[in-house]
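Novice: Letter by letter, the chains look like this.
Number of protein chains: 2
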Amino acid sequence: MSEVYANRRSRLRDHVNAAGTAAALVTRPANVRYLAAAAPQGSVLLLGRQEDLLVCAGPPDDRPHEGRPDEHVRLHILPVNGPGNGGDAAVAAAGLAAAQGADSLAVEEHHLTVARHRAVASVAPKLRLSDLGGAVEQLRVVKDEEEISCLRIGAEIADQALGELLESILVGRTERHLALELERRLVDHGADGPAFPTSVATGPHAGRRGHRPTDRRVEEGDFLSVCLGATYRGYRCEIGRTFVIGTSPADWQIELYDLVFAAQRAGREFLAPGAAYRDVDRAARQVLDSAGYAEALPPLIGHGVGLEIDEDPQLAPAAMGKLDACVPVTVEPGVHLPGRGGVRIDDTLVVRPEADGGPELLTITTKELLAL
Amino acid sequence: MSEVYANRRSRLRDHVNAAGTAAALVTRPANVRYLAAAAPQGSVLLLGRQEDLLVCAGPPDDRPHEGRPDEHVRLHILPVNGPGNGGDAAVAAAGLAAAQGADSLAVEEHHLTVARHRAVASVAPKLRLSDLGGAVEQLRVVKDEEEISCLRIGAEIADQALGELLESILVGRTERHLALELERRLVDHGADGPAFPTSVATGPHAGRRGHRPTDRRVEEGDFLSVCLGATYRGYRCEIGRTFVIGTSPADWQIELYDLVFAAQRAGREFLAPGAAYRDVDRAARQVLDSAGYAEALPPLIGHGVGLEIDEDPQLAPAAMGKLDACVPVTVEPGVHLPGRGGVRIDDTLVVRPEADGGPELLTITTKELLAL
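Just so you know, the protein sequences line up as chains A and B, in that order. Residue numbers for the first sequence follow this note's numbering, so the first one is 1 and each next one is one higher. Residue numbers for the second sequence follow this note's numbering, so the first one is 1 and each next one is one higher.
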């Protein structure tokens, strides 16, 4: 297992050295975890000239699902109220890089604040700072089978939690309570925790992307849209479904559901190695567009998932790039009609070549329109 | 109500203009909310030359406890995938500041990333960017009675949730389930949500600051330390208590508890307008220190609370400054003995002058050592 992390670090080191930089400072937590197997709170990873250091404000978290730091990374724990670095592991790491004899250091300018960047520069004035950019994020796009199996287990957990909710009485319960109930079930089934704040949207709220639960109660005739995900060993998946409350959906509900379902299927069917991100987006978007919902359309149709719930790639109109095999993405079109509600359908899938049976669906809860 | 926000903005505008800067860009969400009454996701506040703009990526959240934007702030909603600003409200706001004729803009360099700062600079090259620093955070330190009443209600909610948990069976339940149960009760009693991830620590984990719950189950003879808080209308409070599981605490448990209690009381009794932050810290710290726990001591004894759970002031050995009236702070000393566990006791109080009866205790759950 450990060589996985060593390989990731050596790929990054090659990238950094090819850019003429001696060392790299990784501060974004998901990037630290990807390269060092763990990212204790406040920790940073120094990819040094002589050795790799995980610089932490305190001892690593001992929760198993937080991961143990890779044994080839040396732990450096800051003294409490340590002098000079203001307790900032990034500042301490820059000092250590200079002490190792590095003359240049690549930092994550999309994550470091201006003030932190200044503190890093001032602790080691001889160090030439450059921008690491999204180099680690790019390494993270294509997953190995170990990572995918974590996503697969997380998706099973989310399917279980959602399935159990559907068997319970829903009418009269608030969005916030249903969301808390789902999050409890995620943990019951072995999730580290929710992958993101669980969204439960009823009636006029239904179909809104990222709707945060309110005290509105489920009523007969409502659309109910739910979006949840489990974190398993740090990996985050996502599933979204929309249901109708009561025995018989109204005609407009059936029509809207069928439309969003058709759009979501079109997006899923477009997933393949070599497919352009924007074409996947268009495949789903044009179904909604041609039905006259151009206004109600979301900014993107899907996105990558992994150690973060929203990673590269973005499946959006202006996105550049093509899918590779073993890239897990969501496909989540939705339509929200102000005042009336709407529909969202969201799956997590892994891009696979045709020869391997095409895209692998991780979230298997039915997408029929259920009346609950 | 609305003039409260107008007054806050005019105080900030005075500060900015006194520094010779025409306009200010506030990006830190809690700061945006403090000045504009609401901070929709991704929104920023432009304190402009002609008018104040709340620039949002989308329409404001309609959940009542998220607040409605102050009507004297003009809403500017970015077009989805808007050109030029990459969907970043901060970049759009900088362009609007320049369009208003501002020649200079103060930004929050402790919040803006290097990459975002660069994008802001490049959209309006004529704009001279300066550092707003922690100006808004400093305005936020002293609370008005409206803010304090939100904290008081949040504290009542946390007391209720904790009280109910103590009446239930604890032995055999895991830290994670107890934490989820507490968070559900917070919402039941009207909290917007938890103020921070609820910490439940049993046995050897007990007394660890910020311990994240694990699957360890409560056992007879354990110390059980719990730290939770409610968010009410955006305001966050904190309470921490430590209990013993079983009928009779061991002698070492009683001794350790009495020591931490004495330290916490010493800190509370030191709270007064004009008291130096570091002296409050020392008052509590030296009790633990003189008992030989210098090693086990936390980096700080307490901190401010408000729209964020960890605000200025820091009650720490190196902190500069003095308390004012109407500043809510925590007093939360603890001792953790590796392998054995420990004790934390944490209250939220509001600094009040002697004439008003001294510090106001918001979290009133008993601090006797309860055996559950």
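Rather than coming from a laboratory, the hints here were simulated on the basis of the structure. Where a beta carbon is used, it is the ideal one built from N, C-alpha and C, also for glycine. Some hints here could point you the wrong way.
The calculated label-pair distances, taken between Cβ atoms and stated as ranges, are [stated by the list, open to error]:
hint, chain 1, residue 1, chain 2, residue 2, range
1, B, A99, A, E146, 17 to 23 Å
2, B, E368, A, G42, 55 to 61 Å
3, A, D310, B, G321, 50 to 56 Å
4, B, G58, A, E269, 28 to 34 Å
5, B, E295, A, A325, 48 to 54 Å
6, B, R11, A, G42, 42 to 48 Å
7, A, Q286, B, D324, 37 to 43 Å
8, A, E368, B, S130, 35 to 41 Å
9, A, D310, B, S10, 35 to 41 Å
10, A, H72, B, S10, 54 to 60 Å
11, A, G42, B, A250, 31 to 37 Å
Novice: Could you run down the list of hints and mark each one as holding or not?
Specialist: Hints versus structure:
no., hint, verdict
1, B:A99 / A:E146: 17 to 23 Å, "51 Å, violated"
2, B:E368 / A:G42: 55 to 61 Å, "35 Å, violated"
3, A:D310 / B:G321: 50 to 56 Å, "39 Å, violated"
4, B:G58 / A:E269: 28 to 34 Å, "29 Å, holds"
5, B:E295 / A:A325: 48 to 54 Å, "52 Å, holds"
6, B:R11 / A:G42: 42 to 48 Å, "33 Å, violated"
7, A:Q286 / B:D324: 37 to 43 Å, "60 Å, violated"
8, A:E368 / B:S130: 35 to 41 Å, "58 Å, violated"
9, A:D310 / B:S10: 35 to 41 Å, "38 Å, holds"
10, A:H72 / B:S10: 54 to 60 Å, "56 Å, holds"
11, A:G42 / B:A250: 31 to 37 Å, "34 Å, holds"
When the structure is compared with the earlier hints, violations turn up for hints 1, 2, 3, 6, 7, 8 and for no others.
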